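Participant: Residue numbers (the numbering used here), protein chains in the order written: chain A, 2 to 352; chain B, 2 to 352; chain C, 2 to 352; chain D, 2 to 352.
Please note that the accuracy of each hint is not assured.
Copies of the same chain look alike in the list, so a pair counts if it fits in one copy or across any two.
[Stated by the list, open to error] 20 Å max Cα-Cα, derived SDA-like pairs, lysine to any residue: (1) 312 / 23; (2) 7 / 129; (3) 7 / 32; (4) 76 / 222; (5) 127 / 160; (6) 7 / 320; (7) 312 / 105; (8) 276 / 347; (9) 48 / 350; (10) 352 / 322; (11) 54 / 283; (12) 151 / 115; (13) 133 / 345; (14) 133 / 220; (15) 151 / 269.
The hints are simulated quantities; they were obtained by calculation from the structure and are not laboratory data.
All values derive from a computational prediction rather than experimental measurement.
4 protein chains.
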Amino acid sequence: MKYSFKNDYSEIGHPDVLDALSSIGSKQYDGYGIDEHCSKAAELIKKKLNAPKAEVHFLPAGTIANLTFISSVLKPHEAVIAPLSGHIAVHETGAIEATGHKICTREGVLGKLTIADIESVLLEHKDEHMVKPRLVYISLPTECGTVYTKEELSDIYDFCRDFDLYLYIDGARLGAAINSPECDIAYNDIARLSDAFFIGGTKNGAIYGEAVVICNDSLKADFRYIMKQRGALHAKGFAIGAQFAELFAKNESKTEPQAACLYDSLAIHSITMAKMIAHGIHSLGYDFLYPVQTNIIIPVLPTTIVERLHKDYLFSEWERFDDMVAIRLVTSWATPMSAVEDFISDITRYK
Amino acid sequence: MKYSFKNDYSEIGHPDVLDALSSIGSKQYDGYGIDEHCSKAAELIKKKLNAPKAEVHFLPAGTIANLTFISSVLKPHEAVIAPLSGHIAVHETGAIEATGHKICTREGVLGKLTIADIESVLLEHKDEHMVKPRLVYISLPTECGTVYTKEELSDIYDFCRDFDLYLYIDGARLGAAINSPECDIAYNDIARLSDAFFIGGTKNGAIYGEAVVICNDSLKADFRYIMKQRGALHAKGFAIGAQFAELFAKNESKTEPQAACLYDSLAIHSITMAKMIAHGIHSLGYDFLYPVQTNIIIPVLPTTIVERLHKDYLFSEWERFDDMVAIRLVTSWATPMSAVEDFISDITRYK
Amino acid sequence: MKYSFKNDYSEIGHPDVLDALSSIGSKQYDGYGIDEHCSKAAELIKKKLNAPKAEVHFLPAGTIANLTFISSVLKPHEAVIAPLSGHIAVHETGAIEATGHKICTREGVLGKLTIADIESVLLEHKDEHMVKPRLVYISLPTECGTVYTKEELSDIYDFCRDFDLYLYIDGARLGAAINSPECDIAYNDIARLSDAFFIGGTKNGAIYGEAVVICNDSLKADFRYIMKQRGALHAKGFAIGAQFAELFAKNESKTEPQAACLYDSLAIHSITMAKMIAHGIHSLGYDFLYPVQTNIIIPVLPTTIVERLHKDYLFSEWERFDDMVAIRLVTSWATPMSAVEDFISDITRYK
Amino acid sequence: MKYSFKNDYSEIGHPDVLDALSSIGSKQYDGYGIDEHCSKAAELIKKKLNAPKAEVHFLPAGTIANLTFISSVLKPHEAVIAPLSGHIAVHETGAIEATGHKICTREGVLGKLTIADIESVLLEHKDEHMVKPRLVYISLPTECGTVYTKEELSDIYDFCRDFDLYLYIDGARLGAAINSPECDIAYNDIARLSDAFFIGGTKNGAIYGEAVVICNDSLKADFRYIMKQRGALHAKGFAIGAQFAELFAKNESKTEPQAACLYDSLAIHSITMAKMIAHGIHSLGYDFLYPVQTNIIIPVLPTTIVERLHKDYLFSEWERFDDMVAIRLVTSWATPMSAVEDFISDITRYK
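Based on the sequences and whatever the hints tell you, model everything.
Facilitator: Pasting the structure below:
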């Protein structure tokens, strides 16, 4: 059996999360997210974010979270600005366009959108013959595993407010950014520095589910209608709520509102595993396409080594350069130390 | 704590289903429904349906199953024919229209669409100034809990083929229809007598998930693209597959391919509970708006009794008539016999 | 050559309108409706409506006017309320649904929507599982040729404001309503008693073009973006503007701001022709499905007479009753008196 | 009064076209494009194209022609491949995305898409997480006024057929390409080498209207439904038909089926005017961003000269380079020789 470093959603979910579901037993709940688990989870999240007025909704998955929120906000002629590598721009089968909106992309730097990128889109779109850019989409961390700094995020958000743009953050791996040593953005910064974002459960311990957090008051109205219309309002919303309540439970301690909860410790584990792999590869003298800041490692290795690694590990190839290949390794909350050690030992041996 | 007869999705899921998820442990699977659980579940379902060539996809919920399938099939000007009470026509916040398609409704009889209904829609739509009806949507059972007979279904399907219409069945409660004593439609009839349908998990033992079954070869191509685009392709598809594998597992016995699996026994329980309630109410001399054929009971009771029932039970009111009210009671795989007995005893006492 | 009473768009356009186009010669204009003809036409219309703050846009045709305006106003989950016979509900091939919005229909009375109709739609739609009705669509005159009274319109508009609904009027034949002796609604009432409407050119003297008038300030922003996106912003917008400038030119006299312009006199002619036909038919003892209030006549005639009329005239059949048929006759600005006289004489002869 | 070289739709239409409309008089026609003018125009066009089986539809304008055709052809997950400068990719306010489809752009060469461009899009889109490219959109001539050669077009079409892609040509200025001395594509090549295209009327003598020609049999069904749904089926279709019948009338001579019709002579005039301007500018030693092959001239001139030209002429600036500016001049069927001479004389003087 090959060990998979292909992604961070290969395992079903953290045992505590599964236990939380099992322990519900035969209790009855109201449907569609109006229940005690969802409201407890929402409270925990709002406390963690220090955002008492935010609205928290639990949606089943990432693509539907993105398309539901974005389509709830934009008028027909309004468009999204996103980095070229943005998940919505590449890997969601045109989900945003299917709701009627164009995505204007820019290359960015290390997977991150810059203010210059956003500005250049605005300058290009000047009248009614072109779409009107209205929402900036970024991912934290990016698809390359890199993180924005607090200053970068703050500058982007300021720019957005100055030019009447919404800032929306795809947080499918948000835990890995916030808990990254290279990222100085804390939970209480996110809600301050964006109009809305989602906290990804699927890639950090949950079986399924993401928490969409709407910070901007003007974007809150009727969001549940759009959820229902897009198929994102699950009958058993409480099953998602219960998972998030478990992931954010440790936060209940009033004396340490920012203490690490399960969601954090899982993210920290995945980052640690990634850093170990990166350290091992770096020691062998190989380089990386992107700095390893979260749980994604993209080293450039000799093709000969990569071919041997394929025998025992699953991972994807990112880009080929002559006799070298950049490969993409992803660690997760579930990656055992032993798999990391085996991998480093194998790669060392193959050198 | 009031006992809820409001719906059949108040409880999280059958313990065996939860155990199936928990027992997955830390095993790794490929994402997006390409895994052994999904393929095992698909095989079990196809065997049960006697439809070896059908394509089975696991989607997270009912509304998204409906909108994903229907929008994958229709061209922009093509429309749906549905009963006035059809879930997509009323309770899905315009999800089908949001994908661009009109729904043409007809009153139907006992919640069921008739061939005369379908024909009258066709007669009304005769040129390019009107939409072109292309897909007939029915629910089995209907929103009123009633079932089509095999002859009715067969006639509708024949009519559809004669007039180049697709027949799609919303099977959110399919188990309750197939296992209903009033319904002579068997699993192996469904796939024969429709172009596509879904087998509802959420309302019959699963935490979440529906199995969309595409029988018509011409509708199979690229369905996974549309799933991804609509946000219905879950990263951890295996978690839905594992639930359906459990629900349909007993079917593995080759000697008894139609033996009741967990999915059947859960449906049978919910029907039995409904029949008991119906019997109790009937004994007291009250009547029903619709025959009780599955797990939905819609009796017409004196307002005074209904008011007293509200103190101890949750249920919805359907329609008011002077001093009588039709209420809607729903039983489920989880409804305990004791709740049924209490309810009958209370209503008897209140009379 | 049969004379056609099938509709009011069989002739290309009034000679004065064609002359207005021809007289433009080789003069150059800016594109997309930013030109002197459009601004002159807009000024004439606003003066006529006594609505100096209204915004007037010139669109090429009726269906695109409806879909452009309605889709510019509604959020994804918001729906339209319309009479069952409403043009958008029947004869626009699902154009509104194609922009993502459901239309909730009610039977109405004589083709007219009542407050009770609107109220019943609101009562039925009460939570996020259903669409949110937000815009009331009526036609003036209706598809049956009937008109609302000023009191009816005023009551509907008051109701709309009380329940946060927009009122939009399809005025494809607006001239025939305003100039109808049975309609006490004047030009200056329309803009006061609706959020937006369009003044139909195609059916009253223009070759093509409708003037969309937006009265509600909150609906004005970015309308030209949506026009462009839907394909309704014509490069040679000035050609539509020039037609409307001609149709509304007589209004320039400051002393008689409400004096009949060409648009009015054409409408008056079509009504007069309709009234003559109605009078002739009534004299013969036949009845009508709807009162003849504008330029549409729907008499119920013996099948034998209708069959003979088909030899010399084009018209459509509306509904069959045993040995009687309701037929639909439409007069226009171009209908010659002689055709009306011939028709009456023939029908008299056939009796 | 400044003379405008801003575009080729500043003048209302050729006098013969206006006369054709006026000469219709009070004759009555059936609506929606089912009339003798449309069928005569369609016959003339099919003869000119040597494409007897093609289907010809008359639509009111270019953006709506593009969105109507493209949305009639694609399934929800299918996408368009277009050059970065493609009109649908930039200047139609997201019209294609508003119908649900992504546009994948490539830089191209001289505004032209290459096979390498198309291939690179295909290579990038390999599974259901990405849209499926299905239709190649090119403009002939391009937005930069350049033309494809017959070999280039033929190669692209072959490539498209090999990879199951449709080829659609935006022919807003088709006449200027076909009549360009640099373009060896003839009318009878276009229909052979594409699945569909449109022949632009608005920019070459008509007041409004484009002729969409569908060559691929599999794309013909139900096109009129989509036309109606998008608002492109005009009540007075005959008014567009009559314009095209006039523009293509000379073609009626059976002995010279390819003889120049009005449509050709107007295009030839606009090209001649452009060539004269280009020659004049070239004589002064200035260069061009793109070869002048049709009726668009994009010279790079000193800023000082451009500033003086702005006093007497309208034109747009394309790109700035230090003390030089690329400006965009467009000639048309209506551009008088005198305006061209004045312009050259002025620019010579300003040097």
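Participant: Look at each hint and say if it fits the structure.
Facilitator: Outcome of the hint check:
no. : hint      : result
1   : 312 / 23  : neither (37 Å within a copy, 29 Å between copies)
2   : 7 / 129   : between (44 Å within a copy, 17 Å between copies)
3   : 7 / 32    : between (35 Å within a copy, 10 Å between copies)
4   : 76 / 222  : both (15 Å within a copy, 11 Å between copies)
5   : 127 / 160 : within (17 Å within a copy, 36 Å between copies)
6   : 7 / 320   : within (15 Å within a copy, 45 Å between copies)
7   : 312 / 105 : neither (40 Å within a copy, 36 Å between copies)
8   : 276 / 347 : within (17 Å within a copy, 64 Å between copies)
9   : 48 / 350  : neither (48 Å within a copy, 48 Å between copies)
10  : 352 / 322 : within (18 Å within a copy, 51 Å between copies)
11  : 54 / 283  : neither (45 Å within a copy, 51 Å between copies)
12  : 151 / 115 : within (13 Å within a copy, 43 Å between copies)
13  : 133 / 345 : neither (49 Å within a copy, 38 Å between copies)
14  : 133 / 220 : both (18 Å within a copy, 17 Å between copies)
15  : 151 / 269 : within (19 Å within a copy, 57 Å between copies)
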